[in-house]
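Same order as they appear, the protein sequences are chains A and B. According to numbering that gives the first Met the number 0, the stretch in the first sequence is residues 0 to 124, in order. According to numbering that gives the first Met the number 0, the stretch in the second sequence is residues 0 to 758, in order.
These are calculated hints, taken from the structure and not from any lab test. No false leads were mixed into what you were given.
Derived coverage of chain A by chain B (criterion: at least 3 residues anywhere in the stretch with Cβ under 8 Å from a Cβ of chain B; other residues may be distant):
#	region
1	13-20
2	98-108
The calculated lysine to aspartate or glutamate pairs, modelled on EDC-like cross-linking and capped at a C-alpha distance of 16 Å, are:
#	chain 1	residue 1	chain 2	residue 2
3	A	Lys106	B	Glu580
4	B	Lys492	B	Asp458
5	B	Lys534	B	Glu544
6	B	Lys645	B	Glu605
7	B	Lys448	B	Glu423
8	B	Lys196	B	Glu150
9	B	Lys340	B	Asp361
10	A	Lys106	B	Glu544
11	B	Lys492	B	Asp510
12	B	Lys504	B	Asp424
13	B	Lys212	B	Asp224
14	B	Lys560	A	Glu20
15	A	Lys106	B	Glu576
16	B	Lys647	A	Glu90
17	A	Lys70	A	Glu40
Here are some, though not all, of the chain B residues that point toward chain A, as calculated from beta-carbon distances under 8 Å:
#	residue
18	His543
19	Arg546
20	Leu549
21	Ile552
22	Ser557
23	Leu558
Using N, Cα and C, we set each Cβ at its ideal position, and we do this for glycine too.
Spelled out, the chains give:
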Amino acid sequence: MRKNRILIVEDAPYMREMIIEMLNHAKDRYEVVGFATNGKEAIEKYSELKPDLVTMDLVMEEMDGIQAIRKIKQEAPNALILVITAMDTPENRNMAMEAGADGYLWKPFTINNLLDVLEKMFGKD
Amino acid sequence: MRERGKEKERDYFLKILDIIEETVFVIDRDLRILDLSKGCLNKFRNGVEREVAIGKRCYEGLWGLEAVCEGCPVSSVFEKGEVARTERSFSLSNGTNRYFDIEWIPVFDEHGEVTRVIGDIRDVTERKESEEKLAKIVDGLSISTIVINSEHNITHWNAAVESLTGLKREEVVGTDKQWLPFYPEKRPVMADLIVNKAPESEIKARYGDKYKKSSLIEGAYEALDFFPSLGKGGKWLLFTAAPLREPNGNIVGAIETLQDVTERKNAEEKLTKIVDGVNIPAFAINKEHKITHWNTAVESLTGLKREEVVGTDKQWLPFYLEKRPVMADLIVDKAPESEIKARYGDKYKKSSLIEGAYEALDFFPTMGEEGKWLLFTAAPLKGSNGDIIGAIETLQDVTERKNAEEQSKTIFEHVRTPLCLIEEDETITSVNKEFEALSGYSREEVGGKKWTEFVAPEDLEKVINHYYNWKKVESPCCDFKFVDRDGEIRDVKVCIVPIPGGKIKVASITDLTQLKREEELCAICEELKELDDMKRNFLNAAYHELRSPLTPIVGYASLLKCDELGDKQKDYVHNIEKYAEQLRAQINRMLELARIDGGEMEMTMEDVPIPEIVEGVVKSFKPLWNEKEQTINTLVPEGIEVRGDKLKIIAILTNLIVNAIKYTYEGGRINIMVEDRGEDIRVCVADTGIGIPEKHLPKIFERFYMVNTSLTRKSESLGLGLSIVKEYVKLHGGHIWATSELGKGSKFFFTLPKKENKG
Numbered sequence: 000m001r002k003n004r005i006l007i008v009e010d011a012p013y014m015r016e017m018i019i020e021m022l023n024h025a026k027d028r029y030e031v032v033g034f035a036t037n038g039k040e041a042i043e044k045y046s047e048l049k050p051d052l053v054t055m056d057l058v059m060e061e062m063d064g065i066q067a068i069r070k071i072k073q074e075a076p077n078a079l080i081l082v083i084t085a086m087d088t089p090e091n092r093n094m095a096m097e098a099g100a101d102g103y104l105w106k107p108f109t110i111n112n113l114l115d116v117l118e119k120m121f122g123k124d
Numbered sequence: 000m001r002e003r004g005k006e007k008e009r010d011y012f013l014k015i016l017d018i019i020e021e022t023v024f025v026i027d028r029d030l031r032i033l034d035l036s037k038g039c040l041n042k043f044r045n046g047v048e049r050e051v052a053i054g055k056r057c058y059e060g061l062w063g064l065e066a067v068c069e070g071c072p073v074s075s076v077f078e079k080g081e082v083a084r085t086e087r088s089f090s091l092s093n094g095t096n097r098y099f100d101i102e103w104i105p106v107f108d109e110h111g112e113v114t115r116v117i118g119d120i121r122d123v124t125e126r127k128e129s130e131e132k133l134a135k136i137v138d139g140l141s142i143s144t145i146v147i148n149s150e151h152n153i154t155h156w157n158a159a160v161e162s163l164t165g166l167k168r169e170e171v172v173g174t175d176k177q178w179l180p181f182y183p184e185k186r187p188v189m190a191d192l193i194v195n196k197a198p199e200s201e202i203k204a205r206y207g208d209k210y211k212k213s214s215l216i217e218g219a220y221e222a223l224d225f226f227p228s229l230g231k232g233g234k235w236l237l238f239t240a241a242p243l244r245e246p247n248g249n250i251v252g253a254i255e256t257l258q259d260v261t262e263r264k265n266a267e268e269k270l271t272k273i274v275d276g277v278n279i280p281a282f283a284i285n286k287e288h289k290i291t292h293w294n295t296a297v298e299s300l301t302g303l304k305r306e307e308v309v310g311t312d313k314q315w316l317p318f319y320l321e322k323r324p325v326m327a328d329l330i331v332d333k334a335p336e337s338e339i340k341a342r343y344g345d346k347y348k349k350s351s352l353i354e355g356a357y358e359a360l361d362f363f364p365t366m367g368e369e370g371k372w373l374l375f376t377a378a379p380l381k382g383s384n385g386d387i388i389g390a391i392e393t394l395q396d397v398t399e400r401k402n403a404e405e406q407s408k409t410i411f412e413h414v415r416t417p418l419c420l421i422e423e424d425e426t427i428t429s430v431n432k433e434f435e436a437l438s439g440y441s442r443e444e445v446g447g448k449k450w451t452e453f454v455a456p457e458d459l460e461k462v463i464n465h466y467y468n469w470k471k472v473e474s475p476c477c478d479f480k481f482v483d484r485d486g487e488i489r490d491v492k493v494c495i496v497p498i499p500g501g502k503i504k505v506a507s508i509t510d511l512t513q514l515k516r517e518e519e520l521c522a523i524c525e526e527l528k529e530l531d532d533m534k535r536n537f538l539n540a541a542y543h544e545l546r547s548p549l550t551p552i553v554g555y556a557s558l559l560k561c562d563e564l565g566d567k568q569k570d571y572v573h574n575i576e577k578y579a580e581q582l583r584a585q586i587n588r589m590l591e592l593a594r595i596d597g598g599e600m601e602m603t604m605e606d607v608p609i610p611e612i613v614e615g616v617v618k619s620f621k622p623l624w625n626e627k628e629q630t631i632n633t634l635v636p637e638g639i640e641v642r643g644d645k646l647k648i649i650a651i652l653t654n655l656i657v658n659a660i661k662y663t664y665e666g667g668r669i670n671i672m673v674e675d676r677g678e679d680i681r682v683c684v685a686d687t688g689i690g691i692p693e694k695h696l697p698k699i700f701e702r703f704y705m706v707n708t709s710l711t712r713k714s715e716s717l718g719l720g721l722s723i724v725k726e727y728v729k730l731h732g733g734h735i736w737a738t739s740e741l742g743k744g745s746k747f748f749f750t751l752p753k754k755e756n757k758g
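Isolated chain A (complex conformation) (with noise of 0.2 Å):
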C-alpha cells in the first residue's frame, strides 16, 4: 500500500517537530516529504514534490496561509490541504473554505485529533 505522502507548512519548529513525531506513529500510511516556514516556500516545495496532502498554518511571514491555499488549489485542484490553525473564529474558518481548505484541525490538538481529520479526508477518496 502506498503511503500517503505530506508537506508541513508551519512556521514554529516546535510545532513541526510535533507533527512529525505524531506521524511517526502511523508511518505505515504517512510519510512526511517536506516542509515549508512560509506561504511561498510552500508553494515552490508542492511545485517540487507534489504531496498528497498539505497542512498549512495560518499565520506566517512572506506570505499567509490563505494566499498560499489559492495558489496550491490553482495549481492542482485536487490537492489535499488541512488547515491546522490557533485562530478558530468562523471568519477564519470561512475564509480557509472559501480558498479551497479540505480540513480544518485547531490548536491545541491530541495525536488523535490529528490522525481522525487525516484519516477522514483520505477517506473521501
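Chain B: place on chain A using the hints.
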C-alpha cells in the same frame, strides 16, 4: 197779532240773553248796544247793571273803552248782510291785554233789511299767544318747518324752509300750496295727512316703507324720501309731521319739519360703495351705534350675514362674549384716549394715516376654531360740518402672520444658541434664555444696553471695525472676547445678520470657550478609545500567546500516552491533559469576550428550530446527567422557531444546562420550559440545586464573579460563562435573568425575539 208775536219773540230773546253764559250782544245801525247777555256782563263788566251798558257804543258798552272802530267790518255787515269777523286785542281796564275773536251775524227784518247785528265774542287770547309763540319758535328754527291749520292752510313757513324750497313765506302763507315745492301736482303732504287723521294704511299707501311712526311724538310720522324737483339734481329729505292739538285734544293743525340729508345720503351711498367694494372685512356704524354697512368680507370673517346685523348694534357679537363697545363705538362716542387705553392696553395705537382713527391688534379666542388675531382700524365718518356722524372699522385677519411670528418667537426663545435682537442704534431689544445664561444678566437688565458693552475693551476696536465695514467683509461673523456680568471672559463668535424687511438685526453667539472645552473632551474621548483598542489588542495578543504553548503541551501529552506508561504516569498525563483543557477553555472564553467587546462578533442569522436544539443539547450531555442519576424534563411547543445565530443559541443553552447539571445534587431534577409569548420566546432552565443567595443574583452575569470561592474549584471556571451567555442573549435582542431559592434551586430565564432585532 203780528206785533204781539214780535213782542213775544223779543221777550224770549231777552230772557235768553238774560240767562246765557255765552258772551253775545246785539247792536243797531248806530252801533249802539241794544242788549247783551249775562255772560258779557259777568265776564267783561264785573256784573254792571244791563241798563248801564245798553245804549252805549259797542266797545264802550262792553268794556267801558273808547271806541276804536277802525277797520271794524260791522258797517259792511249792515250793508251786505254777510257774516264778518274781527280779531283784535284790547287793552282792558284791569290792565290786561286780551285777544278777542268777534263774529258779526246780521239779523234781517221782514223786508230783508239788516236791522241789527249780533256780536258773538270769543276770548282767543290763549290760542293767539300760543300761535305767536309757535310762530316765533318756527321762525327761529334752523330746521325747515311748515305749519298748517285745520283748513290745510299754511300758517308758518320759516326762513329755513324758504331757503330749502326757494319759496318765500309771502307766496305761500294762507294758501294750501305746501305740496308745491315737493311734488309736480297737488297732493297731500305728510302734515295734511296728519290733519286729516289719516289711518296708517293711507300713510303706508303714500310712502311705502320709507315712513315710520315717530317714537317720540304721539301721532307723528317720519319719512325719508327723495325729491327730484328740489335743488340741483334733487334732495333727500327726512321729514317729520306732528299734530298740533288744542288743550282738549282736538287737532287744529300740523307741524312738519324737513331735514336735508342729501349729503349724508350721498356719503352713505359712497360709503356703501367703498365698504361693499373692498375685499377687506369692513363695517360702518352711525351716530346711534347702529350698523349701517357690513360687507361681504366681514360676513365671511364673522359668519354673520348683513341681514342679521344691519340696523342693530350687534357689532360686538362676533368678537366678544358679551356686549361691549367695539373700537368704532368708541370713535363715535369720541372716547378719550385714556378710555381706549383702558380697553386695549398696549395693543392699540393712533393711526398715523387718518386723524382721529385708532388701530389695534388683538386675539379673539371665540372666533374660528382656535381663535383669530385681528388687526382692526376704526376711523370717524364726518359730516360736512365736521361732526362725527358714524365710524367705519376695517378688520384684517392676521392669524397666520401672528402664528408665524409666535413660531419665530418660540424658536428664538428655545433655540440652544444665545441670541439677541439689535436695534439700529446698536441697543439690545430682546434676548433669549441662552443669552441670559451666557451673559449672566436677566432680559430686563439687558434691555437698552448696547451690545458693544459686552465686548472686552481690548477687542472693541477690532469688533467695531469689523461690523462697521461688514458689508465689505465676507463674513458677518467676528470672534472676540465676551465679558459677562461677573467680568468673566469667554471666547465667542458672533454673527450679526439683518432681519429682512426691518432695521433690526439678530446676533447669534457661539461660545467658543464651551466649544473648546468640548473639543478637548472629544480629544480625551478619542484617546481613551485608542487606549481601549490598544488594551483589547494587547489582551488579544496575550491570549493568543498564552494559547500557543498549549498546543505542544496537549500534543506531547497525547504522544506520551502512546507509549507504555505505569499507572502513576498515566495519572500524571491525565492531569496534564485535564488542566491544559481547562486553560484552553478559559482562554477561549476570554478571547470570545474580547471579540464581543471589540464589536467583532458576527451573527449568522437563520431560522433556528428550538425543540430540536433543546433536544440536541440535552442529548449531548446525557453521559453527564446520567452519571449523576438526574432526570431532565423538557416542555417545548412544537415547531417553534426564532431568528438567530444557531451556534450561539446552542452555546447559551449548553452553558445553562451544563450549569444546571453541575449545581444539581445527584438524583435531582432539571426542567427546561420554552414559552411562546407571541413576539418572543421565554426559555426557563430550572435546577434543583444549591441555589444562589439573593444578594448575589444581580451579579452572577458579571465577569469574573463567583458566588462561592469554594465552588470555583469545584466548578472549574473563572465565571466567564454566564457573562458570555448574557452577551449572546443581548446580541439577539433578548434579556436574561435568574431567580433562586437557597437549597431548593435556581431558575434561569432568557428571552429571544422571534424576528431579527436590528439595533
